[in-house]
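Trainee: Fit chain Z to the known structure of chain S by using the hints.
Number of protein chains: 2
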Amino acid sequence: MLTYRDAGVDIDAAEELLRRLKPAIRSTFTPAVLADIGHFGGCYDARFTGYAHPVLVASTDGVGTKVKLAIRLGIHSTVGQDLVNHCVNDILCCGARPLFFLDYFACGKLDPAIAEQVIGGIITACRENGCALLGGETAEMPSLYAPGDYDLAGTIVGVVERERLLDGSRIQAGDVLIGLASTGLHTNGYSLALAALRSEDLETYRPELGSSLAEALLSIHRSYAATLLPLLERGLVKGLAHVTGGGILGNLTRILPKTVRAQIEWSAWEVPPLFRYIQRAGHIPEEEMRRVFNLGIGMVVVTAPETVSEVLALCAEEQPVVIGSVVPAA
Amino acid sequence: MLTYRDAGVDIDAAEELLRRLKPAIRSTFTPAVLADIGHFGGCYDARFTGYAHPVLVASTDGVGTKVKLAIRLGIHSTVGQDLVNHCVNDILCCGARPLFFLDYFACGKLDPAIAEQVIGGIITACRENGCALLGGETAEMPSLYAPGDYDLAGTIVGVVERERLLDGSRIQAGDVLIGLASTGLHTNGYSLALAALRSEDLETYRPELGSSLAEALLSIHRSYAATLLPLLERGLVKGLAHVTGGGILGNLTRILPKTVRAQIEWSAWEVPPLFRYIQRAGHIPEEEMRRVFNLGIGMVVVTAPETVSEVLALCAEEQPVVIGSVVPAA
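If you read the sequences in order, they're chains S and Z.
Just so it is clear: in the first sequence, position 87 is 86 by numbering that gives the first Met the number 0, and no numbers are missing.
Just so it is clear: in the second sequence, position 133 is 132 by numbering that gives the first Met the number 0, and no numbers are missing.
Okay, chain S solo, but in the shape it has when bound (with noise of 0.2 Å):
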């Protein structure tokens, strides 16, 4: 005689995890949030009053392969906040404010306290970020994830009135390039940090970091937007590059018109020293670093040259520089 739970999916521990997490995640809730009528799907007021033409913007993401080194470290409370950062962030590239944002957790064998850490993280960011947790799933799938193991993903739905998205079209040649300062590695090149550091010990206190490889490793990938929005709001943003998968060229080439190119003034900012250490320690060649990290630059504005310094004055808590500027193409 089989049942679903010997066949290892607990439909109880599934529920049990919903019911502790419901009022935390009440707690992200705005007004546009139609609560107790959605069944089947999360509801929200899309009547955006006050734009005059409303467009939404959505993002999916994960967070590669920091939640294998989560796992690893037994620390499950700090990547939900790095996944529903890394979507705040992508579509504020947009222009976009967050409005909701659903998540799916996958596992092999639910644990419904590992999960509430983990869920814990991502509620923890949406409220940071005025975004609803509008929606998720558990998926307890035994035959497809190890069994401590699990996998994140999620999706952000944000808006912007049309005549402010970035599209990156008023962008051009003289114009100048500031990175605000990253984390760490965000969620990016984990794959490649792990293979690096192999034979390291992660968890022994490093002077040259002032802190242990892992906790330099989880360091939390940060939102932007409670800096950036005030800016977009202002008109001084001619583009936003989300420093991503690609690097600091490979996220800006994403934004940039075909007529000009970005000019990386590389030793405008020291590179942070858990990035040398990975370096190091895999001898990874100069241009792979710069095409798989962020090398300390989490964001970056585009900016005309006459609001470089009110955009450096407004930015001041991201350790703002100029990083370079938007040249011809030919």
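The hints are simulated quantities; they were obtained by calculation from the structure and are not laboratory data.
Some hints could be false.
Note that identical chains are pooled: a pair holds if it fits in a single copy or bridges any two copies.
Claimed, not checked - Under the rule of at most 30 Å between Cα atoms (straight-line distance), these lysine-lysine pairs were calculated in the DSBU-like manner:
#	residue 1	residue 2
1	K21	K257
2	K237	K108
3	K108	K257
4	K21	K237
5	K237	K257
6	K108	K21
Please read these numbers as outputs of a predicted model, since none were measured by experiment.
Mentor: Only chain Z this time, still in chain S's reference frame:
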């Protein structure tokens, strides 16, 4: 000397995949998609002309261990359709029509040919449901997934007029439950089914199924949108329950007011042979079957007694059958 590729992440393969898929992805675009402007997010016109009070309805889901079966059988073109149709049916239960979809595809080793088939299935179903594929994420995570394995999740966003939002509140004792036929297990109960069938040869033709077990099990989760959206327009529907995990009763409970309950006539329809085959093979108790599987009923329509014949006529292609009624809870 170590590179990202050495660490198991092939950025070029991911770019090749996107290049291959781009024309097909574009084929899903509706006029509301603001194409070519969202570099870090997909952009969708949110003016919703014709709606007095538009409400967005969003849902995230996966396909569970049905992916594991697809991987085992080497048939990759259908799970994407399962995923989209599942999500479409979920928001349909709130009365919403689909607007756009975003997918998450995670794998151990990115094989562009396989990923193209998987995402091709998503594209096919998006087109069939009039839903734009607005974005997505492809993640290569060698340490989390075995080389041939992948997981799949997705998020749908739809819209409904506020006063047409189905919240079950109009359901009352005396209302009638009409079941629409499923095409198989849809996307629920695969861990249990595969455990029950572990000694069976899935690819042998089974006369009682009219197919092999593999074919019956991989049968595509169908979308009820084309049938049900016109009924919703006409106001013939008081509630819809998509029969997913939790079975017929579990899902009806999600939409019924607390003052009533569903009374199912379990003998009103014939449970398809596939379910009985699984039950026999796994010696699964009848109660467990009802809690885990749809047993041949993929969607339940709740309607008033006076509109039953009209609903039956309009759903004729879905083999509709009266499966019970709504009775007082006491």
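Trainee: If a hint holds in the structure, say so; if it doesn't, say that too.
Mentor: Going through the hints against the structure:
{"no.": "1", "hint": "K21 x K257", "in the structure": "between (48 Å within a copy, 19 Å between copies)"}
{"no.": "2", "hint": "K237 x K108", "in the structure": "neither (46 Å within a copy, 37 Å between copies)"}
{"no.": "3", "hint": "K108 x K257", "in the structure": "neither (48 Å within a copy, 33 Å between copies)"}
{"no.": "4", "hint": "K21 x K237", "in the structure": "between (40 Å within a copy, 27 Å between copies)"}
{"no.": "5", "hint": "K237 x K257", "in the structure": "within (15 Å within a copy, 53 Å between copies)"}
{"no.": "6", "hint": "K108 x K21", "in the structure": "within (21 Å within a copy, 36 Å between copies)"}
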